[in-house]
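Kindly generate the complete structure, drawing on both the sequences and the hints.
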Amino acid sequence: MFRMLLWKEWKENLWKLCFCAAASLAFTIMLFRIRITPDLTNCIAISVVQMFAIPIVYALDIFSGEMTNRTIHLLFKIPVPRKQTFFSKYLISAAGILLIFLVTGLLMEAMPGGREATPLFLLRMNWCAGTAAIVLFTWFCAFGCQTRTEAASLVAISAVFVAWAIIFFWAMVCEVHWARHITPYYLIRIDAPVSPWTILGQIPGLALVLSVACGRYADIRRYL
Amino acid sequence: MRISGIVHQQICQLKWHLLACFGLIMVLPVEEAIVNLQTGDGFYSAGGAAFTALFAPLLAGLIACANVQADLNEKRYIFWRSKPAGIKLLMALKFVIGLIAALAVLACPAVFSIVTSILSGGFHFNELVAPNVWALALTFLLMPIMTYSLCFACNVIVRNTARSWLIGMFLACSLLILPLMLPLDVKDVVTDVVFGISGFYLPMMLTASAVAFVFALLAAQHDWHLQTSLKGMLWATAALVFALMILLANQVANIKVLDEQHVGDSWHNDLNRIEDRIIYRDRTYVDIDDDRISLTDMKGADPNTSPLPEMLLPRELKDCNDSTYPDFGDRMFHETADGIYNYTIHRYYLTELFERPNRQPLKRRNYKSIVLNTDKLIGKSFRPVCDLDLSDCLTDQKDRAWMGMRLIDNMIVVRVNNSVVVVNAKDPSKLKRIETKLDVLKKLRFFHTEDPNRFAIPLLPIESINLENRVKFSIDLRYSYPGMYNSSMVDIHNGVISLLRVSEKNISRFVVTNWDNENIYCTLAETRPFTPLEHLTAAPYSWRTLVRNGRLYHYHQENLMVFDIRPGHRIRKLGHFVRMQHDFHDIAPLNDGRILLSTTNYREMNEYNEPKAYLYLLENPG
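Same order as they appear, the protein sequences are chains A and B.
According to the numbering used here, the first sequence is numbered sequentially starting from 1.
According to the numbering used here, the second sequence is numbered sequentially starting from 1.
Hints listed in this document are in silico derivations from the structure and should not be mistaken for laboratory results.
Values in this document were obtained by computation on a predicted structure and should not be read as measured data.
List time: in silico EDC-like cross-link candidates among lysine to aspartate or glutamate, alpha-carbon distance up to 16 Å:
(1) Lys299(B) / Asp338(B)
(2) Lys88(B) / Asp223(B)
(3) Lys83(A) / Asp219(A)
(4) Lys612(B) / Glu116(A)
(5) Lys231(B) / Glu12(A)
(6) Lys432(B) / Asp387(B)
Over 10 Å on every C-beta distance to chain A, these chain B residues come out as not near it, computed from the model:
(7) Ala70
(8) Asp276
(9) Gly404
Estimated spans, in silico, between C-beta atoms of each pair:
(10) Leu120(A) / Lys256(B): 23 to 31 Å
(11) Gly113(A) / Ile118(B): 52 to 60 Å
(12) Thr41(A) / Thr351(B): 40 to 48 Å
(13) His262(B) / Ala26(A): 28 to 36 Å
(14) Val49(A) / Gly495(B): 52 to 60 Å
(15) Val49(A) / Ala456(B): 52 to 60 Å
Don't be surprised by glycine CBs; every beta carbon is placed ideally from N, CA and C.
This is the structure in structure tokens:
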């Protein structure tokens, strides 16, 4: 049944994958061909925009869409644990985001062919942005899993962006090193490669957030 | 309708949204003030408050959407629609009340910043009244008004908060970006208040706000409703953004790169010309085969087989400094049957202190000698073979040495201050004066400002060169055209002589209508204004401008523009090339229209602090 849920979510969210992938590839090809700005600048610009835009696209109706279309009643009547429903949505969204960054990163690395940046640098930069996007989306799930409208989802994910920005700003200004390392925005660094431990260090936090999100999603029954 | 009741109702409807926006917008300023207090600087905010101004337009749009949605969601909409309420008055009141409330909330960071700065004693009142502060304040006031109006109108017609906010923001961004791409000739009516380029935005933002407001009233009255789907909206938005970027790229990146080569590291990467061949860094020929650049070393006369000329060392005056014209890296080459030569003028001077009454002494140059040198390429280096003393051209002006030089039909025309000398260079190793005219250029004033529509330029009184070249050289001298030794700002096409002037705002083409023994008469033929995007990158005056074969090449720092300036056609931009982080050092248009471009990348330096040098072969932009 879980596989069928995954299949259902995959079909429903396929258009988001196609849209984000098409837009990412189109802008990547355009910017890397016209070369107004250096390759590194193009990579950072595309990665940062992707880091914010792709989670927004997925977040807008991944949970609130069921409410708006009134299909949530039917979904909750299916004899599967709520957490499976939640994780089917989360896994498909996360897989879609990862796939988009995978393809974009490979294209960014292939198109310039090492003419300006060192090999694999652009790929690494883009994939770090993809990791940050996954982290931001995961945090959104904790706050946005009970939203009923697209507007509420937009507000929830915007709040996640702003909150992490405030923490990042505070960590940079006040030089709180541990807080810097847990911020998703810290993953996008030009001066030095991000340590794998920084990325792996996100996992415990994400696991906790996911458990909270799953619990909140399961509690939706009370509010229907 | 009780207006006071409506006002009260609207405020109550919006109170939570306004509080949320207030909290959101005050977080950074308060956080900054707390951090400043902890570091002992006092409780005040400056940068944080300024940073929140970037979010003000976004939040204004959100408040607008919330304002509309409060009454236009499905159930309430049916309710008040069935009541005898004046729709236009109601919507107008909603608009105004929401706008005032939004602006009041969005002004809080600025007020907080000013108040805390005054209280902490770090505020200077005269900073507040500076014109650029008012200009910025005006811009940041109008932008939230515009986004509020657009989002209000969108929500009336779409009736979905998130989507109408996104559409409204997209429209606002498009309105802000589009003027950068269109060649609009709008005069700055408020140039004393706002920045030059943003002078266009003042009427645009006001107009857009007014149009959006009127549209919202009409949409509410006629019950217009646009059904949207998230999928369709996202695809449409992405397509429009892509189209906008293509339009932008077409404005500034429409010359194709045929070949690109890294050619070592150096600060001096000049392109010079001998006949049809291009010379790079004075030592290398640049050959183009099948759109590929190749470099071959220049080889001069064989020092073993050719008789070595008498070694003439530059005449070095005792204790004198030497400055050359053209500057280091630029050359005026001349190829004869005997070999390759280049010409340089050496200016020998002493630096003296000039005493001034009641003021600090001024350092001034005292020129002692002006010498025209010929160097011949022997083997792989240039060696001096001849010199010609031109010191008499200084006349009574010893404190300056304005130069100009051009090779015309085996004759070198040299300008030294107000004097002109014509030298026979048929045999470059034996230069001879043909004509000398001292102090004939005193009437020639050198202009760097905008020309009137009709004006006259003094014609050089030299008979040794033909009239067409006299006219060209006279015009180039008038504007002290820096590259006159191998290029010009004058175009001669089908017998029509055109003078091209590039300023910060436009390109002007003046046509030489007639001339007599003393003057050349010019009339303005056409002006082509720069778009705001081009204006940002255009160089002032005519520096780094080159006219060749009916085209004007204008390059500066990171960008190159090519214009078709042929008479009988409107001035039209053929191509625009931008490469950021590169400094465009020199260009050499080829006969077939392709362009050779020499650049340095000042972000990539070697251990000797020399930048990477590149040669680009660009496609013919025609």
